[in-house]
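Colleague: Chain residues, written in single-letter form:
Number of protein chains: 2
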Amino acid sequence: MERPPVWLMRQAGRILPQYRAIRSSLSGFKELLFTPSLAAEVTVQPVDELDVDAAIIFSDILVIPECMGLDYEMVEKKGPLFNQTIQSSKDVEQLISGQIAAEKLEYVFEAIRLTKDLLDNRVPLIGFSGAPWTLLAYMVEGSGSKTFSKAKRLLYKDPELAHKLLNAITDTIIAYLKLKIKNGVDTIQLFDSWAGILTPDLYNNFAAPYLAKICKAIDEVPVIVFAKGAWFSFDVLAEMECEALGVDWTIDPKFARKAAKDKILQGNLDPCQLYADEKQIESKTQAMLEQFGQGHIANLGHGVYPDTPLNGVKTYVNTVKNYKYSS
Amino acid sequence: MERPPVWLMRQAGRILPQYRAIRSSLSGFKELLFTPSLAAEVTVQPVDELDVDAAIIFSDILVIPECMGLDYEMVEKKGPLFNQTIQSSKDVEQLISGQIAAEKLEYVFEAIRLTKDLLDNRVPLIGFSGAPWTLLAYMVEGSGSKTFSKAKRLLYKDPELAHKLLNAITDTIIAYLKLKIKNGVDTIQLFDSWAGILTPDLYNNFAAPYLAKICKAIDEVPVIVFAKGAWFSFDVLAEMECEALGVDWTIDPKFARKAAKDKILQGNLDPCQLYADEKQIESKTQAMLEQFGQGHIANLGHGVYPDTPLNGVKTYVNTVKNYKYSS
Chain A
1 MERPPVWLMR QAGRILPQYR AIRSSLSGFK ELLFTPSLAA EVTVQPVDEL DVDAAIIFSD
61 ILVIPECMGL DYEMVEKKGP LFNQTIQSSK DVEQLISGQI AAEKLEYVFE AIRLTKDLLD
121 NRVPLIGFSG APWTLLAYMV EGSGSKTFSK AKRLLYKDPE LAHKLLNAIT DTIIAYLKLK
181 IKNGVDTIQL FDSWAGILTP DLYNNFAAPY LAKICKAIDE VPVIVFAKGA WFSFDVLAEM
241 ECEALGVDWT IDPKFARKAA KDKILQGNLD PCQLYADEKQ IESKTQAMLE QFGQGHIANL
301 GHGVYPDTPL NGVKTYVNTV KNYKYSS
Chain B
1 MERPPVWLMR QAGRILPQYR AIRSSLSGFK ELLFTPSLAA EVTVQPVDEL DVDAAIIFSD
61 ILVIPECMGL DYEMVEKKGP LFNQTIQSSK DVEQLISGQI AAEKLEYVFE AIRLTKDLLD
121 NRVPLIGFSG APWTLLAYMV EGSGSKTFSK AKRLLYKDPE LAHKLLNAIT DTIIAYLKLK
181 IKNGVDTIQL FDSWAGILTP DLYNNFAAPY LAKICKAIDE VPVIVFAKGA WFSFDVLAEM
241 ECEALGVDWT IDPKFARKAA KDKILQGNLD PCQLYADEKQ IESKTQAMLE QFGQGHIANL
301 GHGVYPDTPL NGVKTYVNTV KNYKYSS
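In order, the protein sequence lines correspond to chains A and B.
Using my numbering, the letters of the first sequence map in sequence onto residues 1 to 327.
Using my numbering, the letters of the second sequence map in sequence onto residues 1 to 327.
There may be inaccurate statements among the hints.
The list cannot tell twin chains apart, which means a pair is met if one copy fits it or any two copies do.
Here are the computed lysine to aspartate or glutamate pairs in the EDC-like style, where the Cα-Cα straight-line distance is at most 20 Å [stated by the list, open to error]:
1. Lys164 to Glu93
2. Lys90 to Asp71
3. Lys254 to Asp277
4. Lys146 to Glu76
5. Lys178 to Asp235
6. Lys213 to Glu49
7. Lys150 to Asp51
8. Lys254 to Asp235
9. Lys279 to Asp201
10. Lys279 to Glu160
11. Lys178 to Glu110
12. Lys324 to Asp53
13. Lys157 to Glu278
14. Lys258 to Asp235
15. Lys261 to Glu31
16. Lys116 to Glu239
17. Lys213 to Asp252
18. Lys284 to Asp201
Hint data in this document are derived by calculation from the structure and do not stem from the laboratory.
Model, not experiment: these values are computed from the prediction.
Please model the entire structure based on the sequences and the hints provided.
Modeller: In structure tokens:
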């Protein structure tokens with residue numbers, strides 16, 4: 001390969017005027033989520049506009065809690081807010097899980113089929129899920145949080161209940177991902193967005209084993225695991241049966257390469273780097289590509305921020321597309 | 001030394017009923033901050049109630065921006081909100097800095113003198129400051145933030161302006177800390193609370209050099225540097241002329257010891273660990289003490305959370321006080 005492939009987390013979103021036009025015509029985020037034709041349309045927009053090498057289905061990690069029985073609202077500028085949370089064993093028992101829960105997400109599968117038609121094999125389609133720990137965090141906390149201290153409290157106070165919930169979430173994720181694959185996605189990415197607030201011990205007990213179980217279960221397509229902030233467990237992640245590991249912007253590519261051995265690495269430009277002028281974006285992107293070397297998928301170290309100038313994004317993508325490995 | 005000393009970040013705060021009683025009689029956080037007799041009283045409360053080995057003056061890191069000319073409100077449950085922010089070179093030029101700015105903080109110095117009287121040499125008193133990068137982050141962003149993307153944008157878009165502001169902040173911090181020392185504090189802690197959202201490059205360019213400058217300037221008393229989340233620059237921090245480095249809960253003590261060489265290490269129990277039952281707090285605290293070994297100040301890996309049960313805090317402190325190094 002002469003250059004790495006390139007896409008951006010959150011590329012189907014507010015950075016694109018086409019997305020903002022559709023979004024402003026709707027009642028809210030969830031209307032877009034629940035309307036397969038529109039979800040497919042915004043999924044394909046960055047492929048048309050930015051010429052990225054992959055599409056990622058427009059969706060939300062919280063469709064899993066919702067199909068399990070916990071619905072949420074997406075509050076503008078605040079984030080998700082759940083109407084109920086998980087506090088007891090009884091709460092977990094009342095959840096639906098596994099295949100029956102996953103089958104409720106037909107609107108996602110329809111969006112995938114429509115997207116595949118629109119893409120017409122131009123680029124692969126990535127499907128995704130939140131990781132079990134990150135989903136537990138929302139289901140227990142009930143909203144976003146700086147510390148997720150209620151969710152972490154559960155891990156310390158009632159580890160048995162935490163594992164019970166994590167097992168139910170994991171079963172649902174596996175069923176969901178298998179249905180996503182059946183409906184056409186070519187790759188899976190797992191987002192462990194709140195990995196970085198755990199201790200190494202908690203991560204290796206309550207997060208990593210469930211990610212590993214999912215990786216083992218998904219053998220139909222390549223899997224990318226992105227555990228943001230989990231530098232301390234990078235060697236544990238590297239043991240999983242996945243093809244690639246996401247790298248956030250705090251991790252030096254050399255550190256990642258050493259810990260990840262022969263895994264493909266995905267990342268890791270700081271999203272804020274795209275606020276800079278074109279020349280700086282070019283030179284910093286090139287430096288990143290050189291540091292990672294072969295076995296790399298170019299991406300940011302996190303989702304692109306909604307207020308990123310479109311020109312900055314294009315400069316980034318084009319810099320990767322014009323790059324040639326030196327050896 | 002038979003056991004390490006122990007104190008907790010944010011020990012003068014909502015975990016204590018005595019603090020909540022004083023706080024509820026006041027109009028808000030800033031009234032407490034601006035009333036030296038009350039600030040002194042809440043500073044001493046954890047020494048009386050918890051029998052910790054150090055007091056830390058009740059104050060706020062944002063007194064520095066305020067004495068430089070940017071005032072802020074502390075909005076209940078939301079955090080700080082600045083009335084103006086720094087956007088241009090002109091904004092920086094309009095700030096006051098250095099000795100003149102620091103001298104405006106007489107209410108802090110009076111609180112220190114009163115605290116020293118109340119403590120009557122029972123335990124040392126720690127004075128503190130926010131680190132330059134963390135203070136810049138608030139001064140540019142204008143409030144707390146998950147990403148501090150406006151502050152980071154400044155580093156990428158106008159590094160010269162960022163350095164100008166960082167220099168003004170650093171000069172003010174040094175003058176402020178020297179006045180704190182003159183008025184009686186026995187140790188200094190620098191809080192770089194938002195270290196972890198920078199890349200290693202940004203940290204080493206925009207944060208570490210200013211911390212190093214402060215460490216070099218403060219030779220009267222020991223200095224503790226706590227750069228939360230900056231695991232990637234721990235070796236850079238270890239080169240500073242400070243006596244101790246704070247360790248957050250994501251960092252394994254072995255990693256910290258290796259990078260920090262002969263520095264004293266301070267930390268690092270997960271604040272959420274104190275939600276657990278007594279037995280678990282005891283065993284996890286003992287395990288932490290063993291992992292750090294000699295050259296350690298027992299603390300949490302971050303400030304204690306306001307809803308932590310007082311019994312959990314006491315169990316933690318007493319476990320350290322009853323500990324004996326095995327060799």
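Colleague: A separate judgement is required for each hint: does it hold in the structure or not?
Modeller: To see whether the hints hold, each was checked on the structure:
In this assembly of identical chains, Lys164 and Glu93 lie within 20 Å of each other by CA distance solely inside one copy; the values are 9 Å within and 58 Å between copies. In the homo-oligomer, the alpha carbons of Lys90 and Asp71 lie at most 20 Å apart inside one protomer (17 Å), although the nearest pairing across protomers, at 49 Å, exceeds that limit. With identical chains, the CA atoms of Lys254 and Asp277 are never at most 20 Å apart, being 26 Å at best within one copy and 41 Å at best between copies. Proximity of Lys146 and Glu76 under a CA criterion of 20 Å is satisfied in both settings, with 18 Å inside one chain copy and 16 Å between copies.
Neither within a single protomer nor between protomers do Lys178 and Asp235 lie at most 20 Å apart by alpha-carbon distance, with minima of 27 Å and 44 Å respectively. Taking CA atoms no more than 20 Å apart as the test, Lys213 paired with Glu49 passes in neither setting, with 37 Å inside one copy and 47 Å between copies. Within a single copy, Lys150 and Asp51 get their C-alpha atoms no closer than 42 Å, and across copies no closer than 28 Å, so neither meets the 20 Å cut-off. When the C-alpha separation of Lys254 and Asp235 is checked against a cutoff of 20 Å, the pair qualifies both within a copy, at 13 Å, and between copies, at 16 Å.
For a Cα distance limit of 20 Å, the shortest separation of Lys279 from Asp201 across copies, 17 Å, qualifies, whereas the shortest one inside one copy, 42 Å, does not. Within a single copy, Lys279 and Glu160 get their C-alpha atoms only as close as 53 Å, which misses the 20 Å cut-off; across copies the closest is 17 Å, which meets it. When the C-alpha separation of Lys178 and Glu110 is checked against a cutoff of 20 Å, the pair qualifies only within one copy, where the shortest distance is 14 Å, while the shortest distance between copies is 66 Å. For the homomeric pair Lys324 and Asp53, the shortest alpha-carbon distance inside one copy (16 Å) is at most 20 Å, but the shortest distance between copies (59 Å) is not.
Proximity of Lys157 to Glu278 under the C-alpha cut-off of 20 Å is restricted to the inter-copy arrangement: shortest distance 11 Å between copies versus 50 Å within a copy. Proximity of Lys258 and Asp235 under a CA criterion of 20 Å is satisfied in both settings, with 9 Å inside one chain copy and 18 Å between copies. Proximity of Lys261 and Glu31 under a CA criterion of 20 Å is satisfied in neither setting, with 42 Å inside one chain copy and 55 Å between copies. Proximity of Lys116 and Glu239 under a CA criterion of 20 Å is satisfied in neither setting, with 32 Å inside one chain copy and 54 Å between copies.
In this homomeric assembly, Lys213 and Asp252 never come within 20 Å of each other (Cα to Cα): the closest approach is 28 Å inside a single copy and 25 Å across copies. Taking the shortest alpha-carbon separations for Lys284 and Asp201, only the inter-copy value of 11 Å comes in at or below 20 Å, while the best intra-copy value is 35 Å.
The structure fails to meet hints 3, 5, 6, 7, 15, 16, 17 from the earlier list, while all remaining hints are met.
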